[in-house]
Structure formats: structure tokens, C-alpha cells
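A.B. asks: One-letter residues, chain by chain:
Protein chains: 2
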Amino acid sequence: MPDAIGYARGMVMRAAAFDPTELLHRAFWLQQDMRDDARRASMLRAIAAALSDARDRIIAVASAETALTPDELAPEFSRMTRTLEVFAGVVEDGRWTRDSHTPAAANPNDAIGPNHDLRSRLVPLRGVVVVFGASNFPLAYGVCGGDTASALAAGCPVVVKEHPAHRATGRLIADTARAAIKAAGFDPDVLGYIEDDGTNSAELAKHLIEHWAVAAVGFTGSLAVGTALHRLGANRERPIPVFAEMGSVNPSVIFPAALASRGDAIIDQLAASITQRFGQQCTCPGIIFLHSNRDGRSFAEKLAAKLAQTPPRRMLSPSVASGFERAVTIVAGARDVTRVGNPTPGGPVVLHCVGSEALAQFETVLATEMFGPGVLVVDDAGYDGDSMEFPGSLTMSIWFDPDSPDDVAAARRFLDNGRFGAGRIIFNGIPTGVRVCESMTHGGPWPATNRPDSTAVGPRAIERWCRWVSWQNTPSEFSAFDDRPHDF
Amino acid sequence: MPDAIGYARGMVMRAAAFDPTELLHRAFWLQQDMRDDARRASMLRAIAAALSDARDRIIAVASAETALTPDELAPEFSRMTRTLEVFAGVVEDGRWTRDSHTPAAANPNDAIGPNHDLRSRLVPLRGVVVVFGASNFPLAYGVCGGDTASALAAGCPVVVKEHPAHRATGRLIADTARAAIKAAGFDPDVLGYIEDDGTNSAELAKHLIEHWAVAAVGFTGSLAVGTALHRLGANRERPIPVFAEMGSVNPSVIFPAALASRGDAIIDQLAASITQRFGQQCTCPGIIFLHSNRDGRSFAEKLAAKLAQTPPRRMLSPSVASGFERAVTIVAGARDVTRVGNPTPGGPVVLHCVGSEALAQFETVLATEMFGPGVLVVDDAGYDGDSMEFPGSLTMSIWFDPDSPDDVAAARRFLDNGRFGAGRIIFNGIPTGVRVCESMTHGGPWPATNRPDSTAVGPRAIERWCRWVSWQNTPSEFSAFDDRPHDF
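Going down the list, the protein sequences come from chains R and L. Mapping of the first sequence onto this note's numbering: residues 16 to 503, in sequence order. Mapping of the second sequence onto this note's numbering: residues 16 to 503, in sequence order.
If we strip away everything but chain R, and leave its shape as in the complex, we get (with noise of 0.2 Å):
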């Protein structure tokens, strides 16, 4: 077998001159032998000791083929190989599981409906979790990022399909990883590798996605293409969970007596986080909306004089800078919107309205993410409530002055009426920086992701690749088996 798909030559596989049908169905089979958890975690160690042996060669190899620095790429790196650990720990701990025992009641009045001893856990779904890595993030959201790492660690073999933006990099994970796994005693097959030259990535996404060995999907990207992965899941015949995450235009919200008091600070802090990896960031802030304010374009004048100190940078792909320069286009192009400053050609974007301008244009305006380092001020006077729902968002930030009664007053105010949805909400700070812990939510409501009850970063994650099974009267006989009955 492994002659056959290339991998006796050390190399990954080659989408054009193979069927991946092959590589899936093989992946299937060889999920029974992923059911041992502290294995699975020497697995998770393993993959991560070898990424760390490999660390200069893989930032060298990343940041010549990406616009990527080797500063921006090292703690990415570091974020890559501490998630693999966290996930091993998460095995280890075993409360991922969500082990419960409802035994049947003394009073068998007391149960409702019939007095059986229940218990119930999580388990892996059967089959391949397949990968669709981000363009921006090569290691943290790439072939060992945090999807492959949550899918191993449930229990799921995982093939993670090229992305095109980086192939060197790509390959040269997959070969130190697979090399790890056979290392630790594992067919490498469990962690496959599917290249994509770019040239039929629509059809390769829609043939692995639509293969009878795949039980879920894991995507980082574009709203575009997010949707239309999402959609291939939930109609094929028996449909699958894609977890899509698609970014978003993350809105800072800034109130009154914090605009008046640390103003500049807030711009300061701001124009560090839009230009982080110029702007090329989900969680990148795309809309200010300076609360009960009729005069922001001040704000927005000394915000672009602060940006225009950025210089202007190569972007991560053509597709990336062409996509940026259009939805810059469409946000500058609606009813009252204007650019504000002079920014250099290719530098930083700041735009500007009032509100009630923005509302009226909701679908275009609001909706639309500029990926990449612009940013819309909105003047946020007149609307301040009930009228509207916005688009959903990875993470809102809400600047107020703790010592000012009114901002606290209004601040609680706006969380409370609801007008933004968001999985993360941000108190006095940026959203750029995503912490890998327990209480993270990386995800949020559509447009942000598909699922908003998942997270992409943390521990929860490895739920998105679980299902709930019980076990009712479970004998002595089977209680012993393992001492948690499998259920693949």
C-alpha cells in the first residue's frame, strides 16, 4: 500500500496523478487503531518534539515562501507546538470526555419513564476529519495547527489537504510529523497529506469532502469558499459537520469618556493591532464605532496618520491583495463613506461615515471584511439600540473609562441590548492575540463561523469532533472492558 500512494519514496502524495479516495480510505481503517488515549498523547508529543527539533528549518522554509517574517513566524511556531501539548494534556486529563452516571434510582418513582442505569460519554466520530489549513497562519492554522492537533486527539485520523500558499511548508510539516507518528508507533497514514497546485482546488475540495470515510471537516478562510464547504457538508446524502471559521470585521466600540481621556492611547494600540501582520488577521479590527460621537473624523485623521508610518508590504498571496484592494473598493464606494489621509499606495486604509449611513447600507458596508490593514471609523451618534442586528463577529472590543459612571452605564448598556454578536468580548483591549486556554472562544455567529458552538482555539475544540453515545445496564462484563466502553 504505501508504495502505491508514494509514501515508500518519503514523499507526500501528489493530487494529480492520485485519487485520494485511496489515502481516505485507508485513513478510515486505521482509526481503530487510535483508541489507546495515552498513546494517542505520546502521538500528539511526539509530533511536537519532532516540529521543535525541526524549528529553524521550518521557519526558514515558511518565511521564504510567505511574506512572513521569521519574528512573526517564531511565536506562531511556539503556539503550534505548546497546542499539540495542550491536546496531549487534554487526553491525558480525560474530562474531554464528559464521562456521566445517572444509576438507577432507589425509588424507581423517582426516574421518569423506565429505571435504567445510564451512562453516557463522548466519543470520536467514526471516520476522517478532514483539514483545509489558512493562508495567513502556516503553522498555527496549518498541517499540525490546531484542527489536526483537537482531530488526533479525539481520536480521528486526519487528512489535511495542501494549501496552495504554502506548499514547502506544507510538505515539510507533513514529512517531519508522518515521520513522528511511524516513530511512535503509528502508520504515519493517520496524519495524511494531500497536495493542491491551486489549479483544481474547488474540485479536490468537493471530492474529499463528499468521500463516504469523511466524518467532519475543519476550515480556515474565506467567508466564500467557507460557505461553500459548508454547504457540500450539510447536502451530501448523509450530511457532515464542516467547521468552517471565516473571519469577520471584529468591531471596537469606543465610549465617550475613554475617547476624551485616552483617546490617543486607544489609536496607539489600535494601529499596532490593525498592522500586526498587516492586518492580515482574523481577528484584525476592521470597524471602529466611536459611541454617542458626531465628530469622529478627528479620530479617524490622527488613526491614519498613525498607520501611514506602516509601510507598505508584500501581502501573503496575489489572491490576498487583490481580495483586499476590492472589498476596500466596495466599503469606500458606498453612499457617504470617504477615505480619509493620504495613505501610501499598498499602506493602510482608513475610512469614515456616520452611522445611520452605515446602517442603511448594512449588507455592503457591515459585512464585508477588509482582510488586510483598513479599517472604517464609524461616527456612532443617533442609533443606539434596538433596530438592528449586526453580523456576527469573532470578538468585539469595548474601550470605556472605569472611572467614568456614564461609560460604565452606557457600556453595560450596549452589551446588554445585544446589537452585536460575538464569541469573544474584549474589555479595554485589542483582538488580535488569541490565548490558548480552557475559557477561549475562538468562533462566534455567522459570518464569523457556521458554528457558533464550537471553538476553533482551546481545549473545547476536540468536541467538534465527538458524539454523544449511552450505555444503558452496562454489566460488570462490559464496565470492566476498558473500563469506558468504545463505541467505534
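These aren't lab readings, by the way, just hints derived from the structure by calculation. As the structure is a prediction and not an experimental result, all values here were calculated from the model. A portion of the hints provided could be inaccurate.
Copies of the same chain are indistinguishable here, so a pair counts whether it falls within one copy or spans any two.
Unchecked claim - In the SDA-like style, the derived pairs of lysine to any residue whose C-alpha atoms are separated by at most 25 Å in a straight line are: (1) LYS317 to ALA272; (2) LYS221 to ALA69; (3) LYS321 to ASP52; (4) LYS321 to PRO360; (5) LYS221 to PRO254; (6) LYS317 to THR353; (7) LYS197 to ASP418; (8) LYS321 to ALA198.
Dock chain L against the given chain R, drawing on the hints supplied.
C.D. replies: For chain L alone, kept in the frame of chain R given last:
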């Protein structure tokens, strides 16, 4: 507003004369009045109490308009009211929100990413939950069944679409519950009811699911309708989750020693399970596999003789009756499937075949639910394993002899190789009878449901109507904000 939609006259609305848009819009904005946990719990208890007061009348109306007897409806009634009380308790208990807190690390280097303080919890989806009840359980899966109870508990307004098969029951329950809701201090439109005379159900369903105010859907019914609703929800411009519980074949697997030592007793148990409510239950046993057995004909004949003692009866509706007949014809018409015994016209049906034939005709035989008292007995010799995936089921029963090491080993191997995916695995027991308790999973892989990560019964059912939110660096001004900040 109440005038316009007919409630002022104490009547439920008539879909024919009324655009449900107005009710949905109204219910959407009522959600903000549902935030207080204690008040929601009181409302659920008030509904339960009011229904209990109307118990005799509700059971009389339901037995008059359905084929179910008062004896069958009495336990279902108790399950409905006690489920409402369970969810009142869930809300009071508070653990359903799965609160967590990750403080900033003492040593910032221990944090992966920026060292923020994070809190997370489940919050209700923003919007209305639309409930499509079941034909077969007018009470427990009806207007105030588990879907409604869990959605109100989560804090979502509910709109129930009337089931054309038991309109009088639905209206009586809706009116009773809405009066109790009003007396509890809520606007009764937090539980709306939309009539459906059956003439335009598909159009009405589409209208409801595609309405902007709708956040999620609960459905119990057939695979065909469930699939259609699932796709409507997934293909909306802003997709919403549809939780469809669609029934299944509920395999029973009988191992040789159990068959030899107590085959007759098992036949008695299965026959009682198959004929309970004349087989019209989502957990009715539909397929019996005789494991490693080559002569199941006599078992099938004994089962048929036992079942023949149950006289034909009127089924739930003409469409259920014709659907049952159609499904029996499909399964009986498969190659080498034969009818067993001399069934009374309109009585229970037993079919028999050998495993390899069933496998060869997988699609038609194994995936067809005969919704009614019909069962296929499969001689399950010659394939013990790995070569086939079976469709998902709500339940799977494993019948083994605990004193037989061979049976125990075979049953373990069987569970281990995962031929069936089921939401609930039952040891030596029938699948009918669903206990309402924490460890219950009433769900399962497709085609049993489209969301095997959820349960329709038990406290965890509340999670279907929730999403995750995190709060970053929550200042004291906001952690005091109701103790747990709201998201909507």
C-alpha cells in the same frame, strides 16, 4: 399587536389567514425578557402545573383525535410535565452554562499567546426556536415537549408549528401553556403556535425556517421531512442549525448462548417492544441480527406467532399506515427476503433473510425504517466484521449470556468493531422506553439524526440552543454585572 394576531380572543392563530412573520418578529424581541434564570424556571413550573390541572381534558382530547389510548397517553403526559420540571431544575442549578474561568498565569511565559484573563460560558442563541413536533407522541414530543421545554429553559422564545395529526390536542396545550406563561408574568408570545391544516405544510415550514428571526429548529419525524428541513436550515443565507430526530431501525443483536439459553424469553421481550404503541415509536426494534447463526427461520416463526397475538389496530394516521405498508413492501421485495408466518391483514409483520443478502441490498433493506410493527430477522453468519458500515441508529440492543465466555467475547468484539453506530447501547434489554436523565443520549448518527453531537432527551438537550461566548479581562464593573454578563 395581540389583536392583529388573534390572541386577544384567546385563540391560536390561523396560518391560512396569517403571515407568521409577525409572530416570529414579535417573539424575537421578547427574548430580552427571558434573561432571568429564576423567572424562566418559574415559568416552566407554571406551565407544568397548568398542564397537570388540565390533565384529564388533554388526555381525553388526545385519545379522541389520535389512535392512542388513555393508558398509553397517561405515562406520556407525566413525562411531558416532569420534563418541564427537569428543565426548571436545570436552569436553577445553573451548571448547564458550563462556566469556566482561566485567570492570567502567574508567570506570563506559561500562557500560550497573550496572558489574558478569560471567562467563558454557553449563552442562548439569539432568536426564535421553531419546533416541529412528532405525530406519534402528541404530548412528550408535542407543543410542550422536550424541544420546547429545553429551548425555553435556554432562554429562547419558541414558535411551535401545529401537527396536522393532532390539532385539537396541540391547541389545547398551547392555550393552557400560554395562559400559564401570562400568569407567570411573561408575554404569552414567548411560546407561539402556528396552525397547519396540512394543506401547505412544506411551504409553511420553508417560510418559518427561512425567517430572519429564527435561530434554530427542533424536529421529530421522518427521514424525508427531516432531511428537507436540515437542508433548508443549512442553505439559508445565514445558516441555522436544525436538530432533526428522524427515527431508525434500532438493531438488536442476539449472541448464540443467549439465543440458546433464553431465546423464548427474548422473543417475548422483543414482541412486547415491537407492539407497544403498535410499533409507532422511533425506538421500535426493526431488525434482529442472530449473530453467528445459520438457522434463524424458527426464531422468526416463533416471533411471528407471538406477534400474531396482537390484533391489528388503527394506526396514528392514514399516512403513517400507508408509509408502513410501503416500507414493508420495499423490504419484503428485496432479494431472498421472505415473509414469515400468516400475518393478519393490518397486523404485525415478520420478515427473514440471511445476512449476505441483506448486505448486498444495503440501501433498500437496512436503511428502511418500517415505522410500525414490522421486523426483519437476519441470519447473521458469515460476516462478522470489518467490511461494511451500517446506518446509524438511535439505539442498539446487545443480547448476550453473561455466563458464556464465548458470548461475552463475541459481544465485546462486536461492539469493538463498530459495525453499528448508535446513540444508546442497551445490554440485554429492549430499546423502547427512554429515561429522562442526565446520562441519556436520544440521538445517533445519520440517518437517526443529523446531529449526533446532541441529544433530544435529558438535560443536555438544552445545549442545542446555545453558543459559546468568552469575556476577556472582565473588569470588576462588569463581573458584578449580573455576576455572569449577558450576551444578548
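A.B. asks: Look at each hint and say if it fits the structure.
C.D. replies: Evaluation of the provided hints:
Taking CA atoms no more than 25 Å apart as the test, LYS317 paired with ALA272 passes inside one copy only; the shortest distance there is 18 Å, against 83 Å between copies. Taking the shortest alpha-carbon separations for LYS221 and ALA69, neither the intra-copy value of 33 Å nor the inter-copy value of 54 Å comes in at or below 25 Å. For the identical chains of this complex, LYS321 and ASP52 are neighbours neither inside a copy (51 Å) nor across copies (46 Å), given an alpha-carbon limit of 25 Å. In this assembly of identical chains, LYS321 and PRO360 lie within 25 Å of each other by CA distance solely inside one copy; the values are 16 Å within and 84 Å between copies.
When the C-alpha separation of LYS221 and PRO254 is checked against a cutoff of 25 Å, the pair qualifies both within a copy, at 13 Å, and between copies, at 19 Å. For the homomeric pair LYS317 and THR353, the shortest alpha-carbon distance inside one copy (15 Å) is at most 25 Å, but the shortest distance between copies (83 Å) is not. In this assembly of identical chains, the alpha carbons of LYS197 and ASP418 never lie at most 25 Å apart, being 58 Å within a copy and 41 Å across copies at closest. For a Cα distance limit of 25 Å, the shortest separation of LYS321 from ALA198 qualifies neither inside one copy, at 51 Å, nor across copies, at 58 Å.
Of the hints listed earlier, those the structure fails to meet are numbers 2, 3, 7 and 8, in rising order.
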